[in-house]
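Chemist: Residue numbers (numbering that gives the first Met the number 0), protein chains in the order written: chain A, 0 to 323; chain B, 0 to 413; chain C, 0 to 283.
What the hints contain is simulated information worked out from the structure, not anything from laboratory work. Every value quoted in this text rests on a predicted model; they were computed, and no experiment measured them. Note that CB positions come from ideal geometry on N, CA and C, so glycine has one too. Treat the hints loosely; a few may be bogus.
To be verified - List time: in silico BS3-like cross-link candidates among lysine-lysine, alpha-carbon distance up to 30 Å: (1) C:Lys111 with B:Lys320; (2) A:Lys56 with B:Lys368; (3) B:Lys371 with A:Lys56; (4) A:Lys56 with B:Lys310; (5) A:Lys80 with B:Lys407; (6) B:Lys169 with A:Lys150; (7) C:Lys138 with A:Lys56; (8) A:Lys56 with B:Lys297; (9) B:Lys368 with B:Lys207; (10) A:Lys150 with B:Lys207; (11) B:Lys264 with C:Lys67; (12) A:Lys80 with B:Lys207; (13) B:Lys371 with A:Lys80; (14) B:Lys246 with C:Lys67; (15) C:Lys109 with A:Lys313; (16) B:Lys54 with C:Lys67; (17) C:Lys67 with B:Lys39; (18) B:Lys320 with B:Lys46; (19) A:Lys313 with C:Lys111; (20) A:Lys150 with B:Lys302; (21) B:Lys224 with A:Lys80; (22) A:Lys184 with B:Lys407; (23) B:Lys45 with C:Lys67; (24) B:Lys223 with A:Lys80; (25) B:Lys174 with A:Lys150; (26) B:Lys54 with A:Lys56; (27) B:Lys302 with C:Lys138; (28) A:Lys56 with B:Lys110; (29) B:Lys46 with C:Lys67; (30) B:Lys297 with C:Lys111; (31) B:Lys303 with A:Lys56; (32) A:Lys56 with B:Lys302; (33) A:Lys56 with B:Lys207; (34) B:Lys110 with B:Lys302; (35) C:Lys109 with B:Lys303; (36) B:Lys224 with A:Lys184.
As the list claims (entries may be wrong) - Computed list of chain A residues with no C-beta within reach of chain C, every gap over 12 Å: (37) Glu62; (38) Glu67; (39) Trp163; (40) Ser166.
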Amino acid sequence: MTHETPKQGWLARLFNPPRGSAPYLFLMPYIVLFLVFGLFPLLFSIYLSFHIWNPIKGLDSMEYTGFENYVLAWGDPVLWKALYNTVWLAITSGLAQHLVAIPTACVLVALGSRLRHWLTSAYFLPYVTSTVAVSLVFFSMYSPNTGIINKLLIALSESDLFGWAFSWVPDVMPLRWLEDTFLVKPAVAFLVFWKYTGFNIVLYTTGLMTIPRDLYEAARVDGASAFRRFWHISLPLLRPFIFFAVTLTIIGNLQLFEEPFILTRGTGGVGHSAETISMYLFRIGWEYLDMGVASAISWMLFILIGILTAIHFKLFGRQGLGEH
Amino acid sequence: MIRKRFLGLTLAAFTALGSAQAGTEIRFDGFPDFDSSLKKILPEFKKVHPDIEVKYLMNNWGDHHNKLTTNLATGSGAGDVVVVDVAKIGAFAQSGGLVDLSTTFNAGQYKDQFPAYAWAQGQDTSGHQFGMPVDLGPGVMYYRNDIAEQMGVNINDVIKSWDSYIEYGKKLKEKNIYLIASAADVAEAILTTTVEEGNGIFFDADGKPLLTSPRFIRAFETAKKIRDLGLDARVSAWTNEWYEGFKSGSVATQLSGAWLLGHLKNWIAPQTAGKWRVSNLPDGIYGSWGGSFLAIPKQSAHKKEAWELIKFMTLNQDIQKLAFRTIAAFPANVNTYDDPMFDEPIEFLGGQKARRLFAEIAAKVKPVKPAKGDHIARSIVMDNALMEVLDNGRDIREALEEAERLLKRRLRTL
Amino acid sequence: MRNRIEALSPYVVRAMMIVLMGLLIISALMTVFPFFWSAILSTHSRETIFSTDITLMPGDALAANYAKLLEIMPFWQAMFNSFYVAFLGTTVSLLFCSMGGYAFAVYRFKGKNLLFGVLVGSMMVPPVLSLIPYYLTVKFLGLMDTHVAVWLPFTATPFCIFLVRQYVVASIPRELLESARMDGAGEFTTYWKIALPLMKPVLATVAIVQFVFFWNNFLSPLVVLNSTENYVITLALRSVQNLPNTPWGAVMLGTTISMLPILLFYSVSSKQIISGMTSGAVKG
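Turn these sequences into a full structure, and let the hints guide you.
Modeler: So this is what it looks like as structure tokens:
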């Protein structure tokens, strides 16, 4: 780099700015795009949450109503049910994702490169599979009389080897995975798990790339077992990525929308048994055409996510953000 | 190859633009299968109105209505002619975002050309017309004639009342055949077809919800009875098991619109040709399943041309029949019903003159006054309360009372 | 626990490895199954797709489905549009996100915490409600019915900036950047010539995430794109779906084909992720 002599002119100054203004220049695209496309929706929805607005009546039909939308949303029993569902789904599918993804990523990294490549590609596939295909396939898999899941359970109950463990199966058949208020949440959680675990594996694989190889080599020379290397090297050094992925999962899972929407065909399930907050606010805004309450709910959800993320940052942020 | 094709299409787009400058270009926003019928209709339209160029934009049912909501919200971007489904027309007619066809184009003069009920569906609460009916879904009962014969029943006895319908179901059950795919259809049929004089489906004339009225209780009780007796297959529409029921004959009847016929014949169960028949709905009721309307958003810059296209598609009998032949959209214009085509025997239905029946039913459906909160009430009652009663064993009155409470909370934005 | 594991004989370890491999492969098959099935379904007609017997054998309707697909939508043009949008969007994202993440990781500056708070906070806004204001913004900028409106707003995503920041913090030693500056390299040069090459693995991840996002995004194209010629592939495939009458064979074929570019892209990028490790570019 030494041969580059500093040039004069605005272009050079832009490309090699003084140290003080460099971060701002680097962040300029984000700041500009945020101001143009991000800030306005934010302000718009704050404004909206204090107004009554039926969108199809046009922008000038908004009516100021103070905190009424928030009060109305707070007293809505369905919202509380949706909150419970959301948290249930977030925890179940979120925990499962990470508990599976971290060890899997470690094992994959240790594998030979060809096999690893094929396996990671396979695990990543659900993340890119289009919603249409997913909904078609999962619908028929969960189908009560003809679905592959129920057929498998029946086959297990009839087999000699596992029959004893599945003797309860014939009594409860057909299991209506998507209509039963107890089964629908696990059914949704499984789809979420199926879809995002591979994505987390890829994230963690990226993270494992930051761990210098010689650390492992040194540990191996010292005679540390695979488990020990995982526990004492991989896990601590993965921390920024675990922190990041968990942050994402908190935010993403609490905004869960698409998977329950597909599996319940937008109804939210019998007795709102799989309706999430995002689904509910979509329904209120776009179907009931009450954008005011929908905005209020979205801000309540925002605050909830904010609180949980803040706790997460407080507890793990020091190591997770790796501040020097 | 892709590149070449892309270039070709761009060129085509440019030439289209060039020729459009001679006249006015308008856009038609809808959902499939309107594109299939427009492909046939637009060349005809061009002959009558060479100065109007029509483009169309299709999105799926849900996307189309969400896009239209965005367009009306922001006052821009909507097509000049938009399709609105019957499930959404209530809300959109009240919105103020559509052109009042009564005052602007004196649409009232065409009232007699449409069934009274469809005409009323396109109105707001004060009786102004916002949507012109373009197709209908007269409600019928499809039934397996071979099964009825095998059971030794006359279908007219079966549809006499809901009780006789249920009796038939009990007999079927002994042979392991289901009466109907989902009991929910029965509840919906009773709710929407037995509306008291002066009331709307979900609200009375003053806008008070009727969710706990005897009609709702009766509808829910009848459906629950069917479910509790195990007479329905507990299968929801448009699933593999639903299609399978039609194919295998494990389900003996289905309440639906006239449009289902084409799908049964073409792809759901073509191998059952000759086994199906249609009849009136049970209990002497007349109702409809589905239907679409054409409307003009106020933001349109070419309202006059848009109206010409709407008139062409709804008033022109040849075009209405053309759409019927192309995509089996049952004509909304009653003048077409004189056509001999309506007396043609339908082979799939064993030679039954079903279209005549559809037309008769369309004329007999009672008009129901639309109310502002219909779209919300429908979702709360049909998607939530009814399913809780049927699938979750919830007490009927309790479920309806809660539904009414939830509905009341939602009514203030209307 | 630890001691016990260490005490295990090599045979037990080998047996465990085999079980582990088996599990990995079975789970891989499970994740691949829906994709594989949609490929199978694309060779079937609508009648056989909806039969209750699960068909795992290819059907004979491939040609008919392809013909139908081309008839109902400008398929290859929509594919081209999607490719164009996803490619431009991803390329620009790589630049913007690496710059943003780098800035957060390397510099101390006034307002850093505030900006970072805004960054994380803006991830939390539920996207369902931004549709109308997004539309208003696009209209205000005069970008209606253009592809720019579909990719540009999403090129500096908080997610990717955050991810790059985490990677840089964890893997690029400050001393390396300092020494470059000592040698007289400017700020941008340091970023471009020293830091960027070291970010390869994370940039590959960013590229995958962004490419998938742009490819699968349909809500913003739905409200912004007003002509069929401009439709992206998700929109084109959704636009022919109608509950009673979807030509499912053709739709499944289109869906399957439309996933191939993502897979190809993934395959190329994931090699980049791995290459970061083998090249030994990253030092502790």
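Chemist: For Lys174 (chain B) and Lys150 (chain A), compute the direct alpha-carbon distance and say whether it is at most 30 Å.
Modeler: holds (24 Å)
Chemist: Would you mind confirming whether the straight-line C-alpha gap from Lys169 (chain B) to Lys150 (chain A) stays at or under 30 Å?
Modeler: holds (28 Å)
Chemist: Compare the distance between the alpha carbons of Lys303 (chain B) and Lys56 (chain A) with 30 Å, and conclude whether the hinted pair is satisfied.
Modeler: Between Lys303 (chain B) and Lys56 (chain A) the Cα gap is close to 22 Å, so the pair holds against 30 Å.
Chemist: Given the proposed pairing of Lys45 (chain B) with Lys67 (chain C), does the C-alpha separation stay at or below 30 Å?
Modeler: At roughly 26 Å apart (the allowed maximum being 30 Å), Lys67 (chain C) and Lys45 (chain B) satisfy the hint.
Chemist: Taking only the CA atoms, is the gap from Lys56 (chain A) to Lys110 (chain B) under or equal to 30 Å?
Modeler: It holds: about 26 Å lies between the C-alpha atoms, which stays within 30 Å.
Chemist: Checking one constraint from the list: CA of Lys109 (chain C) to CA of Lys313 (chain A), max 30 Å. Satisfied?
Modeler: It holds: about 22 Å lies between the C-alpha atoms, which stays within 30 Å.
Chemist: Per the stated criterion, does the least C-beta distance between Trp163 (chain A) and chain C lie above 12 Å, as a non-interface residue requires?
Modeler: The claim holds: Trp163 (chain A) sits with its nearest Cβ about 22 Å from chain C, beyond 12 Å.
Chemist: Checking one constraint from the list: CA of Lys56 (chain A) to CA of Lys310 (chain B), max 30 Å. Satisfied?
Modeler: Roughly 25 Å separates the two Cα atoms, so the pair holds.
Chemist: Taking 30 Å as the top limit, are the C-alpha atoms of Lys246 (chain B) and Lys67 (chain C) close enough?
Modeler: Holds. Lys246 (chain B) to Lys67 (chain C) sits at ~25 Å (cutoff 30 Å).
Chemist: Can you confirm whether the C-alpha distance between Lys46 (chain B) and Lys67 (chain C) stays at or below 30 Å?
Modeler: holds (29 Å)
Chemist: Grab the minimum beta-carbon distance between Glu67 (chain A) and chain C and tell me whether it stays above 12 Å.
Modeler: Glu67 (chain A) clear of chain C: closest Cβ-Cβ about 18 Å, beyond 12 Å.
Chemist: Next pair to validate is Lys368 (chain B) with Lys207 (chain B); report whether the Cα-Cα distance is within 30 Å.
Modeler: Holds, at roughly 13 Å.
Violation of the numbered hints given earlier is confined to hints 1, 10, 20, 30 and 35; the remaining hints are satisfied by the structure.
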